[in-house]
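*Asks:* Below are the chains, spelled out letter by letter.
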Amino acid sequence: GESVGLHLPTLSVQEGDNSIINCAYSNSASDYFIWYKQESGKGPQFIIDIRSNMDKRQGQRVTVLLNKTVKHLSLQIAATQPGDSAVYFCAENRGGAQKLVFGQGTRLTINP
Amino acid sequence: DARVTQTPRDKVTEMGQEVTMRCQPILGHNTVFWYRQTMMQGLELLAYFRNRAPLDDSGMPKDRFSAEMPDATLATLKIQPSEPRDSAVYFCASGPSGGSGSYTQYFGPGTRLTVL
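These protein sequence lines are chains A and B, in that order.
So in my numbering, spot 89 of the first sequence is number 256, and the numbers just go up one at a time.
So in my numbering, spot 17 of the second sequence is number 422, and the numbers just go up one at a time.
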């Protein structure tokens with residue numbers, strides 16, 4: 168039958184475990200990438216960004232990895248907590264314009 | 406703690422009515438974006454401004470939507486007349502000029518619009 172609404176990829180992890188959220192992009196001209204976290208009823212919240220001249224960047228409990236060869240971006244969250252439950256979006260900036268192109272999002276659920 | 410603010414947070418209206426949503430960008434940010442988020446389409450860019458000038462509104466239905474920045478501290482998104490299919494959460498985001506190579510956008514809490 169016809170699908171209604173976006174079917175977000177979902178990821179469930181146990182509290183305290185590490186999680187990895189993946190994102191593929193298609194435009195090799197993209198030079199800047201961002202991860203956002205969106206909790207229910209709130210706006211997307213900036214987590215971490217990375218420029219295309221880097222392949223790794225770390226923040227507090229989060230690490231972003233960029234593989235330009237295969238156009239792949241990942242967000243690693245260490246020692247997940249219940250507050251990490253949210254939808255995570257990757258976004259890319261394509262070469263100088265200030266617009267961001269957002270992915271569809273991944274829903275992360277932390278199980279107690 | 407600088408934040409983007411949006412009003413109203415929730416709006417319920419009847420089909421055919423005019424709706425105006427307001428956004429106050431973070432002080433010093435010179436780019437402002439309007440997005441619409443629905444279950445069907447995800448996060449869609451409607452329009453964006455730099456230094457109060459519209460740069461791209463190709464994502465916006467031109468016949469009923471309009472976006473303006475009367476001054477640097479206020480952005481508005483207006484729908485006239487509203488239709489049930491306009492029901493969505495509308496987000497405003499602001500960002501710095503990008504000259505430093507950062508294109509980060511900071512989002513407001515959104516306006517949840519329901520058109521009956």
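In short, the hints are calculated from the structure, not lab data.
None of the values given here were measured: they were computed from a predicted structure.
Backbone N, C-alpha and C fix where the C-beta goes; we use that ideal spot for every residue, glycine too.
Watch out, some of these pointers could steer you wrong.
[What the hints assert, rightly or not] Quick list of simulated restraints, FRET-style, between CB atoms:
(1) P489/B to K238/A: 34 to 40 Å
(2) A246/A to E423/B: 47 to 53 Å
(3) N456/B to G183/A: 44 to 50 Å
(4) S193/A to R490/B: 24 to 30 Å
(5) N185/A to A477/B: 31 to 37 Å
[Claimed, not checked] Straight-line C-alpha distance at most 27 Å; calculated DSSO-like pairs for lysine-lysine:
(6) K467/B to K266/A
(7) K223/A to K266/A
(8) K238/A to K483/B
(9) K209/A to K235/A
(10) K467/B to K416/B
(11) K266/A to K235/A
(12) K483/B to K467/B
(13) K223/A to K235/A
(14) K235/A to K467/B
(15) K209/A to K266/A
(16) K416/B to K209/A
(17) K238/A to K223/A
*Asks:* Sort out whether K209/A lies within 27 Å of K416/B, counting only the CA atoms.
*Replies:* 16 Å, holds
*Asks:* Can you confirm whether the C-alpha distance between K209/A and K235/A stays at or below 27 Å?
*Replies:* 31 Å, violated
*Asks:* Does the hinted range 24 to 30 Å hold for S193/A and R490/B at CB?
*Replies:* 29 Å, holds
*Asks:* Keeping to a limit of 27 Å between CA atoms, is the pair of K266/A and K235/A held or broken?
*Replies:* 20 Å, holds
*Asks:* Taking 27 Å as the top limit, are the C-alpha atoms of K238/A and K223/A close enough?
*Replies:* 14 Å, holds
*Asks:* Keeping to a limit of 27 Å between CA atoms, is the pair of K483/B and K467/B held or broken?
*Replies:* Given that 27 Å is the threshold and the Cα spacing comes to 11 Å, the pair holds.
*Asks:* Could you see if the CB distance from N456/B to G183/A stays within 44 to 50 Å?
*Replies:* Given a distance of about 47 Å, which is inside 44 to 50 Å, the answer is holds.
*Asks:* Range first: 34 to 40 Å. Now tell me if the beta carbons of P489/B and K238/A are that far apart.
*Replies:* The hint (34 to 40 Å, Cβ to Cβ) holds, given that P489/B and K238/A are roughly 38 Å apart.
*Asks:* Can you confirm whether the C-alpha distance between K238/A and K483/B stays at or below 27 Å?
*Replies:* 38 Å, violated
*Asks:* I want to verify a distance hint. Is the separation of the beta carbons of N185/A and A477/B within 31 to 37 Å?
*Replies:* 43 Å, violated
*Asks:* Does the alpha-carbon distance linking K467/B and K416/B stay inside the 27 Å limit?
*Replies:* Given pair K467/B, K416/B holds - Cα atoms ~21 Å apart, limit 27 Å.
*Asks:* Check the hint pairing K235/A with K467/B against an upper bound of 27 Å on the C-alpha distance.
*Replies:* With Cα atoms ~37 Å apart, K235/A and K467/B exceed 27 Å; violated.
The structure does not agree with the numbered hints 5, 8, 9, 14 stated previously, though it agrees with the rest.
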